Structure formats: C-alpha cells, structure tokens
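Novice: Each chain, letter by letter, is given below.
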Amino acid sequence: MPDIKETLLPGVGVRHEFTTAGGERLSLLTHRSGRRELAVYDRDDPDRCRTVLHLSGEDTTALGDLLGVNQVSETVRGAQQLQGLAIDWLTLPTTSRFAGATIADGEFRTKTGASIVAIVRDETTIPAPEPTTSFRADDVIVAVGTPQGLELLRTLLGS
Amino acid sequence: MIVAAASANATAAFLEVGTVALALAMLSRIAGRFGFTAIPLYLLAGLAVGKGGLIPLDVSHDFIALVAEIGVLLLLLTLGLEYSADELRHGLRTGLSSGAVDATLNFVPGFLAGLVLGWHPSVAVLLGGVTWVSSSGIISKVLADLDRLGNRETPAILNLLVLEDLAMAVFLPVASALVIGRNVADTITTIVVAFAAVVTILGLALRMSGRLSAFLDKGNDESLLLAVFGLTLVVGGLAQRLEVSAAIGAFLVGLALSGPVQHRAGTLIGPLRDLFAAVFFVFFSFQIDPSDLRGALVPAAALAVIGTATKVATGWFAGRASGIGSAGRLRAGTTLAARGEFSIVIASLGVTHEDGVHLGAVAAGFVLLTALVSPLATRAVASRRVSGVGVSS
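Protein sequence lines correspond, in order, to chains A and S.
Just so you know, we're using my numbering here: the first sequence kicks off at 1 and counts up by one.
Just so you know, we're using my numbering here: the second sequence kicks off at 1001 and counts up by one.
Accuracy of the hints is not assured; some may be wrong.
[What the hints assert, rightly or not] Keeping only pairs whose Cα atoms sit at most 20 angstroms apart, straight-line, the calculated SDA-like set for lysine to any residue is:
{"hint": "1", "chain 1": "S", "residue 1": "K1218", "chain 2": "A", "residue 2": "V52"}
{"hint": "2", "chain 1": "A", "residue 1": "K111", "chain 2": "A", "residue 2": "P147"}
{"hint": "3", "chain 1": "S", "residue 1": "K1141", "chain 2": "A", "residue 2": "H54"}
{"hint": "4", "chain 1": "S", "residue 1": "K1218", "chain 2": "S", "residue 2": "G1266"}
{"hint": "5", "chain 1": "S", "residue 1": "K1141", "chain 2": "A", "residue 2": "R36"}
{"hint": "6", "chain 1": "S", "residue 1": "K1218", "chain 2": "A", "residue 2": "V120"}
{"hint": "7", "chain 1": "A", "residue 1": "K5", "chain 2": "S", "residue 2": "D1086"}
{"hint": "8", "chain 1": "S", "residue 1": "K1141", "chain 2": "A", "residue 2": "K5"}
{"hint": "9", "chain 1": "A", "residue 1": "K111", "chain 2": "A", "residue 2": "T155"}
{"hint": "10", "chain 1": "S", "residue 1": "K1218", "chain 2": "A", "residue 2": "E130"}
{"hint": "11", "chain 1": "A", "residue 1": "K111", "chain 2": "A", "residue 2": "L92"}
{"hint": "12", "chain 1": "A", "residue 1": "K5", "chain 2": "S", "residue 2": "H1090"}
{"hint": "13", "chain 1": "A", "residue 1": "K5", "chain 2": "S", "residue 2": "R1093"}
{"hint": "14", "chain 1": "A", "residue 1": "K5", "chain 2": "S", "residue 2": "G1266"}
{"hint": "15", "chain 1": "A", "residue 1": "K5", "chain 2": "S", "residue 2": "T1094"}
{"hint": "16", "chain 1": "S", "residue 1": "K1141", "chain 2": "A", "residue 2": "G11"}
{"hint": "17", "chain 1": "S", "residue 1": "K1141", "chain 2": "S", "residue 2": "P1271"}
{"hint": "18", "chain 1": "A", "residue 1": "K111", "chain 2": "A", "residue 2": "L67"}
These aren't lab readings, by the way, just hints derived from the structure by calculation.
For clarity, every value in this text was computed on a predicted model and none was experimentally measured.
Bound-form chain S, shown alone (with noise of 0.2 angstroms):
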C-alpha cells in the first residue's frame, strides 16, 4: 500500500511543512485584516523556527531548501511576465534621468554601511542591492488598496519601478560573480561568461518571444503551466550552471514570454509563486542566527531611516520631473520606500560568503523596518493632507 510506504522521515515532514504552511497561513490573514504584506510576518515566523528558534525543523530541511530556491526562481519570473517589451522601452525612454538618481541615493547607503560594518567589498555592493530595490509587490498592493492607481504621481512610480526591474538584468550577474570571484582574474571572466549568457538568452528570448509566446498560447491552462514552470526551471539551472544566478534566467523567461500568452501566464504561475516564495521567506530568516540578528539591529534601523530619507528624495525627484505638486510627490516617495522580496532575494547570493550571515540578518531587519513604515508613511501623509484640506476651506 502507498499510504504505508510512506517513511516515517516523509511523516515527520509532512507535520512540518504543514504545520508551518498553517502557520503561515494565519500570519497571512493576520497581515491581510491590517492591510499589510505578509513579507516581515513570514521572515519573523522563519526566525522563530530557525537555529536556536522556539520550534527547530530538522527533518524537512532539504525540501523547504529546495521549494525556497524555486521561490525565488518564481518571484523573478512573475518580475519578468509583469512588464511587457513595450513598456520596457518605454521605461528606458522617459525615466532614465530619475532612474539614475535612485539607483545612485539608494545604493551608495548600503554599499557604504556594508564597508563601514568592515564586510568584504562584494558583500557590501549586495547591501547597496537591498537598499536600492524597491519592493514592486508592496508597492502594487499599496498604490491599489489606497485607490491610488489613477493618481498622477503613480505612473513615475511605477516607471522607476520599471527601471529597478531592468537594472536587476546587469545588477544581479554582476553581484552573484563578485561573490563568487576568488580573484580579480576570475570575477572578470565570471562577468564577463555572465554578461555574454545574459546578452545571448535576452536576445533568443526576444527574436523568439513571438513565436515561442505563440506556440505557448495555443495549450490549455495545464500545459501552459507546466510548460512555463519547466522552462523557468530548465533556463535557470542552464544559467546557475554558466555560473550565471539561476535567478537571472528565471527573469529572462519572464521578459520573453509576451502578448496574450504573458497574462495567462503571469495568471496561472501567480498563485504557485505565492506559495513558494512564502517558503522563501521563512527560510531565508530561518537560516539566520537570532544572535546575528541583535547584533544587526542598530545598523539595519539606521539604515532604515537612511533607506526612507533618500527613497522619500527620489520620488520628490521623480514626481517633479513628471510635473506633480510637492503632495503628490511626497506620496511617489514615501510609497517607493518599502523594500521587501527583491532585496531579500539579493540578499539570499551572499549567503555562501562569510560576511553573509551577517548580511542576511542586516538584510532581515532592513527589510522588516520599511515594509512596515513605508505603507504607514504614506497613509500618514495622505491623512494630513485631507485635514489640511479641511482646515483651509
């Protein structure tokens, strides 16, 4: 009989997974009722069960490791399907002048904290990465619940979200060699193996994104699935195997699915990259020290309120640019504040490092802070201006 073929170690798992999955399931709704995102619960839920936590897992360690690694595959991916090749271009047409001041005001903090904490230089450009990625997912949900989308500011918003999004394309082959780099010799060759890979599946995926898009869309919804789910998977052991991040690939499969076929996809893989990228989370926090993590709380809250200053400077900058009054760019800059899986996900290629413990926790922590100011702020903000209204007229 099957059901008795089960090991005692798939039992012991199951009561883990599952527990934990209730666990976070809860955390979930708990995060829904106060319109928040799920993100800084899951990392706090992955602490309490990690090393030295309240509840230590121990048999499912390897399949929540693998299932956290298909997390991030799928969180770059769905990054990937959200934009379309046009919006792209148009991105890279309007907001390059914004985009460069929040790739330069968000990255030189971190990249500066992490040498100042005496991390090696490659781990420090990491943490330039968690400081400058603002978290897309939080910001959607945000922009959304606050009746926001048909506000003026949002589309600079989303823009430079836009911009993030395709600097991730050269940021993270870049940063995932650094790490691995031994000497200066080899980081240059992984660079340059990693560029090449990106440059040679970026252009495939777009000179056969029509007829690959094509040939996709004309299965049902099963094979659609499978069939975006194994190439991500396939495109990205390929690039981890180039030494090129898997997650790079991931990406590139998103960007080069298009039209009709994008949606459905982005639709279908919505609800499995929900599921494996909470399993991310938890075991991100998971594999962190909760000593490591006492240690990492003053630099991650300053660097929190650093990290806000200098997102709240670049959306003023960015809703000037576009003609907004100073209310509508106070609410672009508070709102890009909230950093969340991208920084993490970034975070995650330090973890073979030695510095990278500590980077996690830091990373950890940032996080934690702006994913829960940032919505607050720019409630605050919006508040303020109603009473000021009310106090005018």
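Just chain A, same shape as in the assembly (with noise of 0.2 angstroms):
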C-alpha cells in the first residue's frame, strides 16, 4: 500500500495524498460538509492540481462502491469471519431517550455486552467513536456484538 499522507487544511477539511504506482500523485480532499475533491497533480507543476473531480456524498457512496472500499462493508467482512460476530445497523428513534445522550451514558457495553463501532449522520460517518460522543434522532448506529446482544441493544435503543 502507498505511503498516505494527511494534511490539515484549517477552515476547509483534510486532504490525503499519494503517488499511485505509475507515478501519477493523487489527492482526496474532504470538505467538512462531507463533499469530496479527487485530484491528480501535474507532473510539471506537482504543486498545482491538473484535473479536479468534485463529488458530491452519493458521488462519493457510488465510487467507494465500486472500487470496493466501502469502509462499513470492509468492517462486515472482517466481522463476519469471526464466528459468532453479528454486525447490525440500528436507527435511533426520535422518540428514544438516548437521542442527546453520549455512548457513555448509555453504558450499552455493560449491559448489552454489544459495541458502538460507528454512527452513520446524514451523509457523514463518525467510525470508532468517542465514549463522550452524543446521539442525535436519526442516527444510524453500526454496533457489533453477539445476535443476542444486538437484539438487546436494539431494544434499549427504541425505549
């Protein structure tokens, strides 16, 4: 794999940047509203961007989706092979007591022996999130645990 360089831009998003293996630097910058920027430098220049791709967040799904590098299927296969691993996908109701609340309060670990792996908001996604992460109605939560576990934590969800 390419070496990935990360670089902050203050205002705007971050870039990563890399040079493919027929030589050719690449660039992918994420706007903080979750529009991306594919870029490809120019040899002359390697400073300047040559072409520009502006994706839109379904531009972005349907690319990732055929290149294969959908970040939430990955986890999937990686989930499935364990034995007994279930991955579920679990929509925070408006109505649910947690909408507000952080991971932390909710102590799901605890008691559903389930983890919050990512949240799924709007177009954007929160992977490995932070105990003190909070919920807002509508989130998409991916949680992996056992088949049972799930289950509990999708009914802790909805109360």
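Each of the two chains sits in its own frame; use the hints to bring them together as a complex.
Specialist: The structure is reproduced here in structure tokens:
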C-alpha cells in the first residue's frame, strides 16, 4: 500500500495524498460538509492540481462501492469471519431517550455486550466514536456483538 | 390596523432600505458573473448613497447604522467559527515563522504610511492593521473558484489566515484601546482591562466550550440560530461596556463553539452574516466624503502596490518554508494580496478619531484596489504558467 500523507486544511477539511504505482500523484480532499474533491497533480508543477473532480456525498458512495473500498462493508467482511459475531445497523428513533445522550451515558456495552463501532449521521460517518460522542435522533448506529446482544441493544435504544 | 399604523418614517425607510438591498443584489450578481467578490462594489455603492453622493439616504440612517454594527459582530463571529481549537493549535505550531514574516512585512508599510500622512500614531496603527490582514472571505472564494484547494501551497495560505485570525484577538483590543485612550495612563488601563477581559472570556469559553456546544447542539436549527445570534450580541455588548471592542466579544463566541454545533452554527449564520455584512460595507463607505476619497487616492494606490508586493513576498517565504516550487509560491503570494472585510472592520474602529475619516477613505481605496487586483493577478500567474508549459513541451 502506498504511503498516504494527511494534511489539515484549516476551515476547509482534510486532504490525503499519495503517489500511484504509475507515478501519478493523487489527492482526496474531504470537505467538512462531506463533499469531496479528487485531484491529480500536474507532472511539471507538482504543487498544482491538473484535474479536479468534484464529488457529492452520493457520488463518493457510488465511487467507493465501485472501487470496493466501502469502509462499512470492509468492517462487515472482517466481522463475519469471526464466528458468533454479528454486525447490525440500528436507527435511533426520534422518541428514544438516548437522543442527545452520550455513548457513555447509555452504558450499552455493560448492559448488552455489544460495541458501537460507528455512527452514520446524514452523509458523514463517525468511525470508532468516543464514549463522549452524543447521539442525535435518526443516527444510524453500527454495532458489533452477539446476535442476542444486538437484539438487547435494539430494544434499549428504542426505549 | 397594523399596516396603517406604520408611520410615514417607516414607509420612507422601507423604500430606502429596500432600494439599497435591491441595488446590492444586482451588484452581487454582477460580481458573481465575473467571479469577483462583491465587497468592492458594495463600497462603491456606499459612496453613491453617502454624503454628497448621488442618492442621499436620510430617514433610514440610524437603522442602517445599527444593522452595520451587527454586521461587524457577525463577520467576527463567523471568523471565530471558521477554525476549530485543534486547527488553531496546529497553525500556531507549524506556521509561526511565516506568521511573523507576514505581520512584519505587511503591518509596517501601513503604519509608516499613516505616520508619513501625519496622522495620530494610534490611527497609523490601525492603517498597519488594514494592510496586514488578508481577506479570508476573498481568498477562500478564489481558491475554490480556481480549483486550488487541492494544491500543495494551499495549506500554507490557510495556515497564514489562521495565524492572522489569532493575531486579531490581540490586535483588535489593543488597537481600539489606543484609539480610545486619552492619555498614557488611560490607554494602559484600557489595554490591561481589554486583555484581562479577552483572557477571561477566552478561558471561560474554552473551559465551557464542550458543555456549551453540547447544550446548544441539542436544540433545533431555529433555536440554535437565535441562541448564537443572541449570545453574540450579549457578549459583544458586555465587551463594549468594558471598552474592549464588541467585535472581539463576538469573535470569542465563535471560538468557543466547537464540534458539530460549530458547523451547524456556521451554516445557519452564513446567510444572516451576508445580509448584515453587506449593509456594513455600504455604511462604511457611506460615511466617507467623496472629497476625502479624492485626497486618499494616491496614498491608497501607493499602499496597494506596496501591500501587494509585501504579500507576494510573504507568500514566497511561506511557500518556500513548506517546500513549494516557485510557481506555487507566486500563486500563494498573489492570492494572499487580497484585503477585504477585516481591513474594513479595523478601519471602522477609527471612526471616532479625528483622523478616522482620512483612514476610512484610504482603507476603502486600498481594499477596493487589492480586492480587485489580487484575484486577477493570481489568475494571470496561473495562465502564464500554463502557456509556459505549452512552449516547453
């Protein structure tokens, strides 16, 4: 795998760049809004973007699927290799008492044994959320655990 | 009936304010068509409706003045909202030497020019600020329009903007204290009070940041918009009462908001800011006497030439520090040359001073020129490079 360099762009987002096997320099700029720009650098002026593709959130998902690197599906594949471990997507109902609460508040792991590995909110994903991350109504919670644990979690979140 | 109760004054004000807003809408559209920021056109519009201008406004003066003040607060609020605490820390760690070069090269010409023009030193300090601060509004628009966000020199540009942003937290209270100060002892007291207030508010803001942001984030968009707007005005008002500029209070509110609520507030306040800030720009040049502007033309043009050169040098230095090639360094420098909203905010601190009218005129001319020239220059640098490649290949 090529070396990926990460650069923080204050007020804009994050940029990742690497050099392809063919020697082209490639960068992916992720705006805070979730919009992305895929750029190829100029060979004569390596500081300048030669071509820039503007991708909406949906474009990114489509491209990601085509390339087969959808993060969540990778996780699923990884998780399914372990026997007895299941993964589930749970939508937090608007009526849930956990809307606005943090992960730590819910003590979900203690109560259900299931771990929350990601939160999908609108177009953005919060991978490996901190215990202090708070939920919002309509969040999609990605959790890993035993099938029974996940069922418990679903009931708990719905209450 | 409520409609009938609207006084003759209100009716006149509706017509005046409405006409101005429609004119600004047209100007913004024209600016958009040519890929420019509308700020220079707003300033010109202000001259047209101001003292001795084409269409004098009278009834709505007080209303417009208040809206303009709110415009400044919202400009500073969104400046504070723009960067997260992490980005500020990162900027401080990585770009300090470029930031120092930026401050020295660009503050000194304005300050010296103010002294040469025979102004009070405190007003000269304000002119130094005017020539120092690049316009993050114009620059982010230029970078996006020219598809340069991915370019390797862009982080260097953005880091400089972050540092200027932080420097403003110190510069604005000091500069406004200098302008207000009647004698040395008074000025020192004001500066000390200003700093104490800034440190207290900032300390409180950073300590409460998490809880405040989490609390605000729970509300719906409408309540968030009202809460942030109200908080900005209240903190701004309190800061003003302590003789620290209200703008600083608003800026600190922006800094205090973090995490998801920071982005939500930014999106919600954006349109409101555009509305109020447009009025601020118009009102700023509205107060300038066109006869003053004629006298300011030569100094403004000279400063624009010098200020562009010093920003190009700054960009060259910052680019070299991050290992960027010469073409990229030139792109960075020409992009940075644009001054805009914050130069006008700084100049507006001087309105109460007797030399303030001259400062206003010079600042307006300077911003007009650099805001127009810089985007053109940075486009020209790029196209020259492209044709250069054509010849060599």
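Novice: Could you work out which earlier hints the structure fails to respect and list their numbers in ascending sequence?
Specialist: 1, 8, 14, 18
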